[in-house]
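Engineer: Sequence:
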Amino acid sequence: MSGHSKWSTIKHKKAVVDAKRGKTFTKVARMITIAVKEGNSGDPAINPTLRLAIDKAREANMPNDNIRRAIDRGLGKGSEGKMEEIVYEGYGVGGVGVIVKVLTDNRNRTSAEIKNIFDKNGGSLGAPGSVAYLKTIEPTPKITLEGKDKDAAERLIETLDEHDDVVEVWSNLA
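Residues in the sequence shown are numbered consecutively from 1, following the UniProt record's numbering.
Taking lysine-lysine pairs in the DSBU-like style, the calculated list, with each CA pair at most 35 Å apart, reads:
| no. | residue 1 | residue 2 |
| --- | --- | --- |
| 1 | K82 | K120 |
| 2 | K77 | K37 |
| 3 | K23 | K142 |
| 4 | K11 | K120 |
| 5 | K6 | K27 |
| 6 | K120 | K13 |
| 7 | K56 | K6 |
| 8 | K13 | K27 |
Here are the simulated distance ranges between beta carbons:
| no. | residue 1 | residue 2 | range |
| --- | --- | --- | --- |
| 9 | S8 | Y133 | 55 to 61 Å |
| 10 | R58 | V17 | 15 to 21 Å |
| 11 | K56 | K142 | 26 to 32 Å |
| 12 | G76 | N116 | 26 to 32 Å |
| 13 | N106 | L75 | 15 to 21 Å |
| 14 | A60 | G129 | 34 to 40 Å |
| 15 | K23 | V87 | 20 to 26 Å |
Derived by calculation from the structure, the hints in this document are not laboratory data.
Beta carbons: idealized from backbone N, C-alpha and C, even for Gly.
Using the sequences plus the hints, can you model the full thing?
Structural biologist: Right, dumping it as structure tokens:
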């Protein structure tokens with residue numbers, strides 16, 4: 001029974017909507033930061049990738065302040081830590097190779113979180129280069145899994161992809 005308080009009914013719906021919106025803003029802000037870093041410019045007239053990222057931010061109704069902060073972060077300005085790109089490699093269930101590209105302001109925190117995700121999902125973090133060689137082989141060998149192993153591998157990849165710092169996840173799962 002919701003009683004006579006309209007707010008008690010609205011707050012649950014609002015919480016869900018706000019969580020989705022916040023997650024979208026985080027992803028779009030990362031896209032903007034990456035575009036600035038890769039394009040070496042904070043000017044959308046010069047950097048077409050940045051222009052596309054800003055257009056996506058506007059589609060998501062992201063405030064201009066947030067867009068400006070993301071651009072500044074990509075340029076290395078601002079009070080927030082300097083963003084760095086790190087690549088982690090590991091193996092999931094059934095020997096599935098996984099490469100995770102992250103953009104973070106705190107290397108130690110992200111490393112621990114990525115290792116924790118691998119551990120909880122039956123995988124293990126590998127040494128640099130332990131999986132990267134698979135991307136250079138033409139065509140890339142794919143691993144086919146079935147049943148619980150396939151579900152566990154897909155869950156690992158999905159969990160990694162949902163992490164705020166993760167930019168890209170690659171695997172050789174068929």
